[in-house]
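Residue numbers (our numbering), protein chains in the order written: chain U, 1 to 308; chain A, 1001 to 1248.
What the hints contain is simulated information worked out from the structure, not anything from laboratory work. Everything numeric in this text was worked out from a predicted model, so none of it was measured. Among the clues, some could well be false.
To be verified - Partner residues aside, some chain A positions facing chain U, computed with beta carbon under 7 Å:
id, residue
1, Gly1003
2, Arg1089
3, Thr1093
4, Pro1094
A virtual CB, placed ideally from N, CA and C, is assigned to each residue, including glycine.
In case you want the letters, here they are:
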Amino acid sequence: MSSPVIDVQDLRKTYGSTVAVDGVTFQVEEGEIFGIVGPNGAGKTTTIECLEGLRRPDGGSVRVLGRDPARERRQLAAHIGVQLQESALPERLRVGEALALFASLYPRSLDQRELLAQLGLADQVRTPFAKLSGGQKQRLFLALALVHDPTVLFLDELTTGLDPHGRRTVWELIRAIRARGKTVLLSTHLMEEAEALCDRVAVFHRGRIVALDSPSRLIARTVGNLLVTLRIPDSSPVPPLSAIPGVRSVEHRDETLTVYAEDDRAVAAVVQRLVEQGVPLRELRVSSGRLEDAYLTLTGTPLVREES
Amino acid sequence: MRGLVRLIWVEFLLQLREPFAAFFALAFPPLLVLLFGSIYGNEPKPELGGLGTIDVAVSGYVGMVIATVAIFNLPISLAGYRERGILRRLAVTPLSPFAVFLAHLVSLALLTVCGILLLVLVAKVGYHLRFLGSLSSAIAAGALGGITLFSVGFALAALAPTARTAQVASMLLFYPMLFLSGMALPREILPERIQRVAIFLPATPVVTLLRAAWENTAWWRNEPHALLALVLWTIGSLAVAAWRFRWE
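Go ahead and model the full structure; you've got the sequences and the hints to work with.
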C-alpha cells in the first residue's frame, strides 16, 4: 500500500496555557475526501494550519506528501491548495486580477475563465473584492485554492456563507476534483455537508479525536441506523421502549417521541410495543439516522435518555 | 519571477485606486506648485540666489512626495495587509515572505517616482523650473532619502498593531515634518529654536540633501551631519522593523 498523503502522528499544539490540539493522530489516503467536524475551539483550524505550514506543532509529527509543512512550506506550496478560514484580499482588487495574480505565482495553472464560470463568478471578473457578497468571496477563495490544480486541498470551513444552491455547486465541484485523483481535507460545521461529501469524518472535541469513521458507520455505531418519530402529547405517558433489544435511546421533547434504533427488527418491535400500549401512531415516520445526532452525542450533548 | 512582477504591478494599481493615498502622492504636490506659482510666480530673486520661489520649493516638494509614500502609504497598507490576513494567504503560496516585502517596496518606489516626475513636469511646463544641480547627484540624494524614510515607514508598520493605529502614528510623524522639515515651507523662515528641534525629524536631513543637490553643492562633502542623521535613522528603523515586525 502507498504511504498516506497526509500523516498526522500525536500532534500537539498549545497557545500559552490553552491546549488547542492534544494528541491527534490520523492519516488521509490518496483520493479521499476527509472531513473534520467539531465545536468551535475543538482544534480543527489549528490542526489544518499545522498541515499548511502556517503553524509549527509543539509535539508529534505532521507530513503532507511526505514533507514537513513547517520546514518545507515553499516546496509544498505548489502542491497544496488552501482556503483559510479567515482571510481577505485588498478591497479594491478585482476578481479577475486576484485570480490572475495567484495563477502567476505557480508554475502551472488551470484555465481561469473556466474556473470562474464553474464557480459562478463569470460576471464578477471586474468586481472589486469589497463589493462581493459573502458567498461570492467564499467562492473566489475556493477559486484561488484551485487555480494551480493542486494535489491536496485544505478547505477550512468550506461553504460558510453560501446559500443552499451555492453549497451544492461547490459539493459537485469537490466531487469532480476528487474524481481526478486529488485528496481533500475539509472542516465544516454542517453535518449535512460532511455526510454528503466525506468518505471519512474525524469528530474533534477539546483537542482530541473522539471518533473517526465513515459517516454511515459513525451513525450506526453512535445512534443507530434508523430513526422512528411520532407525535405524542407531552401529557401522555410514554411506554417503556428503551429495554427493547436494538433500541439505542429514546427522546421525548416538544410532543415528539424519537427512538434511535439499530435495525428494522428493532423498529418493528417498537411499533408493536406502541400498538400494544394503545399509543395512537400519529405521524409515525421511519428515517435514516443522521450524522448530526451522532455528532451531538459524541461531542457531549447527549440525547435525553428516557427512564423506564 | 513572473509572479513577483505581477504582484508589483497589482500593488501599484491598488495604490492608485486608493483615493487618499493617490491624491497626496500624485496630485497634491503639483497642486501646491500651481497654487504658489499663481501667487508668487517664479521670477529670479536675488535673496534666493537668483532662483525663483517655485525653483526653491520643488526640492522640498520632492521630499514631501517621498515622505508621503514612505510614512503614509507604506505602513498603512502593510499593517492593513497583516490585519486582514492577506499576508497569511500569500504565505501559503510559493512566494517567499521576502518577495512579498520586495513587491511592496518596489511598487511604492514606483509610485514615488511617478509623483516626483509629475511634480517636476508641472513645474517645468507651468513655471519653467530651473535646476542648477546635476541629475545624478539629485537622484542619489533622493534615493538615499527614500531608503531612510522607507525604513522609518517599515518601523511604523512593525510597531502598529492595526492599520488604524498605523494611520494615527503616520499623521503624528508626518505633519510636524511637513511644516518643520522644510517640505511645505522653507526652514529658514522658522524661528531658530524650532529649527534646532526640527533637526531630529527624519525628513529634515532628506530635504537638506535634496536642496543641496538642487543648488549644485556637493552634499556628500558639505553635509556630513545630515548624512550621519540619515544613516542613524535608517539603521535604527531597520533594527526596530526586524525586531518587531510580525506577519500576523
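Check each numbered hint from earlier against the structure, then list the numbers of those it violates in ascending order. none
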